[in-house]
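Chemist: Chain residues, written in single-letter form:
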Amino acid sequence: MSAVVDSHGHDHSHGHDHGHGGGYGGIMRWITTTNHKDIGTLYLWFSFIMFMTGGAMAMAIRLELFSPGLQFFNPDLFNQFTTMHGLIMVFGAIMPAFVGFANWQIPMMIGAPDMAFARLNNWSFWLLPFAAALLVLSFFTPGGAPGVGWTLYAPLTVQMGVGMDLTIFAVHILGMSSILGSINIITTILNMRAPGMTLMRMPLFVWTWLITAYLLVAAMPVLAGAVTMTLTDRHFGTTFFNAAGGGDPVLYQHIFWFFGHPEVYIIALPAFGVVSQVIPAFSRKPLFGYASMVYATSAIAILSFIVWAHHMYTVGMPVTGQLFFMYATTLIAVPTGVKVFNWVATMWKGSLTFETPMLFAIGFLFLFTLGGLTGLVLSLVPIDIQLHDTYYVVAHFHYVMVAGALFAAFAGIYFWLPKWTGKMYDETLGKWHFWLTMIFFNMIFFVQHFLGLAGMPRRIPDYPLQFETWNKISSIGAFGFGLSQLLLLYIVLKCIRSGETAPQLPWEGADSLEWTHLPTPAPYHTFETPPVLK
Amino acid sequence: MRGPRLFSALAGLAMLAATGLAYALEWNFQPAASKMAADIHWLHEAVMVLVTVIFVGVFAFMFYACYAHRKSKGHQAAQFHENTTVEIIWTIVPAIILVVIAWPVTKVVISQKDTSSPELTVKVTGYQWKWGYEYLKGEGEGISFISTLSTPRDQIEGKAPKGEHYLLEVDNEMVVPVGKKVRVLTTAADVVHSWWVPAFGAKQDAVPGFIRDLWFRADKTGTFRSQCVELCGKEHGFMPIVVRVVSAEDYSKWVGEQHKLAAASAEDVNKTWTAPELVARGEKLYAANCVACHQPTGKGLPPAFPPLAGSKVVNGPKNAQVDLVLNGKPNTAMAAFGKQLTDTELAAVISFTRASWGNKSGAVQPAEVKARRK
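Protein chains in written order, with numbering that gives the first Met the number 0: chain D, 0 to 533; chain P, 0 to 373.
None of these hints come from the bench; they were simulated from the model. Misleading hints may appear alongside valid ones.
To be verified - In silico BS3-like cross-links for lysine-lysine, where the CA-CA straight-line distance does not exceed 27 Å:
id	chain 1	residue 1	chain 2	residue 2
1	D	430	P	179
2	P	72	D	348
3	P	259	P	179
Chain D with its partners taken away, still in its complex shape (with noise of 0.2 Å):
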């Protein structure tokens, strides 16, 4: 098998927890780190940052919408806003978030001592606050951030200061950082699986992640083209994108959507497999239906490339293209609804109990389901045709990013922390954490779907008098929101510095290797040697 040549690794026992990092100390042991356990840290810590960063933005357009009128950021500053914040959560907040758990996990789960390529993951990692740095230098640009919202159409993009520019250079080291990572996750878990470990005997966790690199690796590069054309057309003369030069600004919506629709199965499917850890470990019973998981994942990521332009049904596209999407997006919901099925299924008959990540989980599974049928209901032609660029489409894709990837973030967070640091975090503390996001999350987003079919489109610093109440109630529940974070962080340093000891094996039901072959917590090096699976 191939093993990683870690130099240093002889002069570390097991279980020795300090010195690691090859000899360095202090800040060079996280810059030279090699490790996948450190680099997973590193991703989540940057994640949780990132989304502190957007969630401040989220709570500037918040302030702005909480009353009619212009009060705190003039249109420019507040369409920044909404661009910054869209493009931080997904690429800086949510995806390192979720590579963060693969770095952690994948090489746990598989029993494998490390990632395949690691120095490449070192790099992969430190891509990424080059890239946040020039995100957000790029407000303090003259002409500020790019005002064009996290989808970047032209033309509007051409018209943009130097901002524009540095937000291109950071999609590009974003994306390069994405693809080395696929890369990596990819030959770690076909390659370094431990013997006995057989495809169809992974945690599905690691499943989701063996598709989703693919999708990463496939649609990246596509992202990175349709933002190199926007560059081009800004500076070299280039008319991908002007009708005046024989292009089109359609053409930049079709690369974009091609990559975004896989996109929101790359923020997804890990989330779906964070929850199929969960809830079989807090059910006490085994995934229902493992194998139609692993189906109904590959065919929501095959479908997920052929469903693009239902992003695009109001910019004229022949019936024929209409109806197309609109029967290829509705397919999604079949392999999407066995998902849901198995989940509720795992849990029926279970011997359930409500620790804070089954909790999360469970909200997860609620709302989620809730944002995929109002992802049906969107589908359909005729009904996107009133919603579409209304509130109804913000409100489906944050019960689909929220409640879906994050509150799954926050399970995994809560059922794998005592695995990485050996402590408990506080319970009580958990569930507050839990109620509160639950509470408020719903306060911010459910309202918006009224103001969407009332006909509030999105992406405006100001409104129309009859949309007040329904912003009012949005803004408090966000600020409720933002505020409610702040205990997650309480919660983790509470439990790294002072929590109580972990046992071996803090909860009854999970099985994956990192719980049933390693101590709790986990050593530095682990499955040096390969575990044995019967």
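With chain D's structure known, arrange chain P on it following the hints.
Modeler: For chain P alone, kept in the frame of chain D given last:
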């Protein structure tokens, strides 16, 4: 443990309260004013009933499990983990449901796309940030106007109380006859905009350099309001769409008035105006066309929206400024106003900028603008 019970009770209450309020406040779709919108709303309601039944059904199972299959109640976990029959059923049944939905939806899609044989054709052009309307074919042919937000800046900035139609009012409304099939061609001059009237169930992006179309047939008279729905830059939230549907007689009357107005406003470009006349007229045009970017103070919002006060262009040679205003500046939000304003209007607004905020560079006459048009 109280968790799951509290959870289900709260979630249930929240859903009920929210839907209840929505109906109480009538915060569903705006009332339909065309058969198309009514069809869409019916489809939406049918699909909502369906998904609500599915949602409640699935989660009834989950919450029952949360209640009955708890460890704290001593429930022992069963160990089953697959059941081929059940799995096939829950793959096939949703697929059948989708086919059932697809049929009525497809019919609406096809009729929505049928823009053939209209009784009136209007071209709508999206500009940053206003709409241009040109009546191309049918009664009213030849009418054209620009439709700009008429809500005063003071209301937006909170210096005056907000009116009833805050942000949903324009200086020139699109007027169409009731019961006639209206085909709308959309296009844009700068970036992508999107034209939408919810009451008609009609939405179409306006793509620069391309013509797209949609149609509607309003079945009741009244004024219907909406906004641009595709992010188009800074003032995206401030370019409303207002359509007034009137009876056939009123429509003919309106067409007559418009033609008379057009004849009366055909001004003599060779007339020489006094500087104060031009500046006075230019001030109003500035407020309608320029103020959002260049600001009432003339200081702009640099660097994206440069200042006019003390500007080299404004204080420089006339021709250079006239050319810039006529043709716009490529790849910026500075539009080519030559397509939107008359020579006299352009002369007035340029003269205003050359005589305001400390600028003293002299008025421009309409004939001078005309001479620079290509």
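Chemist: Hint by hint, work out which the structure violates, then give me just those numbers in ascending order.
Modeler: Structure breaks hint 1 only.
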